[in-house]
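Sequences listed follow chains A and B, in order.
Residues -9 to 284, numbered by the numbering used here, are exactly what the first sequence covers, in order.
Residues -9 to 284, numbered by the numbering used here, are exactly what the second sequence covers, in order.
Bear in mind the hints are in silico, worked out from the structure with no lab data behind them.
Mixed in with the good hints there might be a few duds.
The list treats identical chains as interchangeable, and a pair is accepted whether it falls inside one copy or across any two copies.
Taking lysine-lysine and the DSBU-like style, the derived pairs with C-alpha atoms no more than 30 Å apart in a straight line are [stated by the list, open to error]: (1) K(-5) / K256; (2) K53 / K(-5); (3) K36 / K11; (4) K89 / K155; (5) K250 / K(-5).
Listed below, chain by chain, are the residues.
There are 2 protein chains.
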Amino acid sequence: MKQLKDKLIEARTLLDASFDKKMTLPEGKEKRLVEAMRYSAIGGGKAFRAFLVLTVGEMLGLKKESALQIATALEMVHTFSLIHDDLPAMDNDTMRRGKPTNHIQFDEATAILAGDSLVINAFEVLSEENNLAPEIRCQLIHFLAQMAGKEGMCGGQMLDLIGEKETLNLEEITRLQTKKTGALLRFAVLAPAIASHADESTKEALEKYADCIGLMFQITDDILDIEGDEKLMGKTLGKDKLETKSTFVSLMGLEEARQKAHQLGKEAKEALSFFGEKADLLLEASDFILERKN
Amino acid sequence: MKQLKDKLIEARTLLDASFDKKMTLPEGKEKRLVEAMRYSAIGGGKAFRAFLVLTVGEMLGLKKESALQIATALEMVHTFSLIHDDLPAMDNDTMRRGKPTNHIQFDEATAILAGDSLVINAFEVLSEENNLAPEIRCQLIHFLAQMAGKEGMCGGQMLDLIGEKETLNLEEITRLQTKKTGALLRFAVLAPAIASHADESTKEALEKYADCIGLMFQITDDILDIEGDEKLMGKTLGKDKLETKSTFVSLMGLEEARQKAHQLGKEAKEALSFFGEKADLLLEASDFILERKN
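Only chain A is shown next, with the shape it has when bound in the complex (with noise of 0.2 Å):
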């Protein structure tokens, strides 16, 4: 896994660097929130959706700029979902990526308005003049927003709000993490074949591959809140089992969700198969998520 932990490694620094020019601090006392959203967005986390960007990007003959600028969107959205999923008024937690939560290092008011300009900023940064035909920026600007929004990870967060009150079944676990996880990495995944005009076949495998990849990565959370490693996560675990949320684990028990894990990496390889050799990176993700500690 050299490779790949290599590169996870070039797409955060890319996206760092994307990130700061992307939010230069202004002059005044409202540079503040400028400040709030750097906080969160530059340096955390494994920036795993963007190098799913950069590598289909790669793969599939995307201009690294373009890929770059969709990479930048699609993590300022997923920084915006991080900062106000972590409020008070929501999952209230007080440490993320092995630091203090926006609201904790700022205020609930900054952390709120902080996300709100990111998911905002990441419409800028896909609207501006690039390498792409402005037909073609529309179609991610509008894959983004349904994504993200009622339809997507917001719908999502929804329902997730409403199983911390209500038990959940199997159905309505899986809508929840397809629209809560899953949506973003599938942004991930098909935004470059949008952008690099793509076929339907190429599509249709990219889809069965990012959806495999998104329940997998839910499975795998709940399983690591109940084994996990608090000090590798950087969050606090077990919050499932003390709310008694309805999970994939506490649904299908422990160990019938580790084969269903095994079984969506399996069927995530099968669709990697059409790109041959190519996808060996994108094969190594799978694989990555299917045995991460954190």
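Since the structure of chain A is already known, use the hints to place chain B on it.
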């Protein structure tokens, strides 16, 4: 002002029909999110921003369908800002437009998510295929993101929050309001000009008009916070004084603030002279802001 009143009602009606189409209730428990979005979006307020888009669009010969699309996106952003501004961590308001604020009617987490989903939905709407060329749609998305985000409305709200703890000077208060209220009004007036390929002189005249009514809007808001009728305003008044916040009135005094508002009204009129009689409705709108009771 009969014509203006009719036009405001027409804008509200068109906007509500458009909101209804863009925010259909989904199946499943997550429909609560769309219920919350619709609660704050539909039927609330004067739809003044939509009116501006439709009126400028009509003046410049823009197709009504395109103008309505722009108006829908803009009012989604406006509604998002109201929901988040009302949150306990922000202005902590319990009443808005004569009914309980979103987080009172639903809950805080749902209100945060409803705001998030509305701002994302705005970009989905603007990116949709329609009569406008993709290049123009990208320009509109970029413009809306700039006016709404860290350099626009959100930046203004950050300054507003800082102003609750620190004294702001007149320059800062002006910048605050130019961003917080002015930016979206600027979009309302200029977006139809971009969409109809208006020339630079047209854009300049409209920009001048937008900036005058934006500042005027805020000054009259500050005056109404002291002198207004809570029933007519549909929200709690006197909060600025209670919180000893810097406002135009506290910095300039009531009389000078009133004079400044009238001066801005005069300048708005001058800017509109460029369009002759075609701009009569926009002139009425400017008078309406100056004389408004809510």
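Exercise for the section: Hint by hint, work out which the structure violates, then give me just those numbers in ascending order. Expected result: Per hint list: zero violations.
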